[in-house]
Structure formats: C-alpha cells, structure tokens
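Going down the list, the sequences are from chains C and U.
The opening position of the first sequence corresponds to residue 11 in the working numbering, with each subsequent residue numbered one higher.
The opening position of the second sequence corresponds to residue 18 in the working numbering, with each subsequent residue numbered one higher.
Among the clues, some could well be false.
To be verified - Simulated coverage check for chain C against chain U, where a stretch passes if three residues somewhere in it have a Cβ under 8 Å from a Cβ of chain U:
#	segment
1	23-37
2	68-80
3	92-106
As the list claims (entries may be wrong) - Listed below are several chain U residues computed to face chain C (Cβ distance under 7 Å; list not exhaustive):
#	residue
4	TYR22
5	ILE96
6	ARG98
7	PHE103
8	PRO106
Just so you know, these hints were derived from the structure itself, not from any lab.
Think of the CB as a built atom: it goes at the ideal place given N, C-alpha and C, for glycine as much as any other residue.
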Amino acid sequence: MALDFDRSIIGKVFDETIFPPITKEEILEFAAALGETNPLYSDEAAAAQGPHGGLIAPPTFVAKLRANKLTPEHMPRLGKTGFDGGRDLELSAPVRPGDVLTMVSAIHDVYEKTGRTGSMYFIIIRNEVTNQNGEKVAVVDHRMMQR
Amino acid sequence: MNTLYFEDIEEGDELPGVDLFLSKDQVRQYAKAANMYFPRFTNDEAARAEGLPGMIAPGVMSLGLLSRLISDWNPAATIQRIGTTFRSPVLPDNTIHLRGAVTQKNEADHTADCDIWMENEDGERWVVGTATVTVPTKV
C-alpha cells in the first residue's frame, strides 16, 4: 500500500524553540537521575580542572529538550496507535551552564515497513540544536512509529 | 576513574557491564529531571489506563543509561553518535543489565564503534543500539 499523504511537508521547518538558559542545577539533576559519576557531568570543582574547564551536560541531555510543537499541525496520521521507536543523536559542542539553546524541528522522513504483524509507519522528526554562539550542538532524530 | 587510550582498546572488548535495580522512584526522578513528568512514567494506574502493563521508563532514559555505560567504561571517551531502538517497554521494579562491546576501531579518526544494549533478567534485549566514541591517544 502506498503511503497517502502530502509529501511536501517533508523537510519543512514546523517549529523553532528557544529555551531558557541552561542552569548548573538542571545539569546536575539530570546527571544524578542517570546515576552518572563521571566528574565532567557531576562534580563542578573536578570538572573545572578537566578538558572543558567546567561542568558540561551528559551527552543525552539534548534529548530532553521539548519543542513547543512536537509535530506539525498537518502531521499524517498513518495508524491508530503511536510508539516511541528510538532516538539517534549526533553530538558536537557540549552543553554548558548558561547556554541558550535553539532547536529547529522538521519532518525528515516518512516510510513504511511491512513485517509479520502488518504495516508499520515510521516518521522521523529531525531536531537541530545550536547554541548562542551559533555552534552546532546536536542533531536529534526522533523515530516515531505508528501502527 | 581510569582513562582508556585508543591504544588500550581492542575490537571485541566488552564494556564492563552495569547491573542495576531500576526502581520506580528512579524513573520518577528521571521523568522530573527530563521534563517528562507524565502519568505513564510516574503512576501505575494511569499507565494501565493507557493500555500499558504499568508505569514505564521513558525511552530517552534508556538512552541516557546506555550513555552512562560508556561513561563508566571510559570517562575520557566522547560520544560522537549514539542511537537506540526501543524494542520493548522498560518496566521498573526490575533488575536491568547494560551491556556493550567494541565492534570496530577506526585508526583514521581515533574513534571506536560499539554495540550497546539493555537486557532484562531473562536476557531479552529491551533496548539495542550503537555508538561511536572518540578516544584520546597516548601520543
């Protein structure tokens, strides 16, 4: 069955969210919730002596950023129920306290896979995160599944 | 914490496993820290009303725990890329096992590719993924 939806939505930016400055406390809280003991993420004094000269956020911190609009208004509904299929993160500049992050979101791809249990639809939302210096921080691909 | 250098790493190396009892409180703590304090991640009854067996851990928490597996193995490794597939809901009040192995060393850019996964006590892989990390060199 061919996927029936308006393919022109692919690649169009549907959200741009600017987040409040990242705080030291939220980095430490996030690291603690994962049981991180790496001083880069959990020990301000030790991190100051390390390669980044200060505390940085754990790598997956960027996956907690929530856009104002998670999906476009005209998001195709291809199935009855949705699942969180996975994440792919490409990481560049680290996140530090005081950073003001911007996230730009677009539908990157939509495809169908047919398996034993029938058809599954995959929608990839690509979120590009940059910081206040215009540096690339991360590309977060969110793989949503519908059945 | 011991730094592992590129020269110390071999293809086929297993990352030291992390075994932990994932409590409901730890899942709630993560949900709070990650702005995901939604009923399905915090409350059994509400999760059941959504058709789940009980409260579940957010997928990105599993991603975060697998990133910690790498951080525990080599605190000097920098993750360039990490990807995970959520194959099955992760249910708290279970002991989970985080595992990984080095699948390839890349001399050109001093990176290592790893397979990473989370399994339950029956060896079912709830979450699977891969990561590429940059590792410091001795010279």
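How the hints compare with the structure:
1. 23-37: violated (count 1)
2. 68-80: Since 6 is at least three, the answer is holds.
3. 92-106: Held - the segment 92-106 of chain C has 9 residues with a Cβ nearer than 8 Å to chain U, which meets the minimum of three.
4. TYR22: Since chain C brings no Cβ nearer than about 14 Å to TYR22 of chain U, farther than 7 Å, the hint is violated.
5. ILE96: With a minimum Cβ separation of about 4 Å from chain C (threshold 7 Å), the hint on ILE96 of chain U holds.
6. ARG98: holds (5 Å)
7. PHE103: Where the cut-off is 7 Å and the nearest Cβ of chain C is about 5 Å from PHE103 of chain U, the hint holds.
8. PRO106: Violated, because the Cβ-Cβ distance from PRO106 of chain U to chain C comes to roughly 9 Å (cut-off 7 Å).
Of the numbered hints listed earlier, those contradicted by the structure are 1, 4 and 8.
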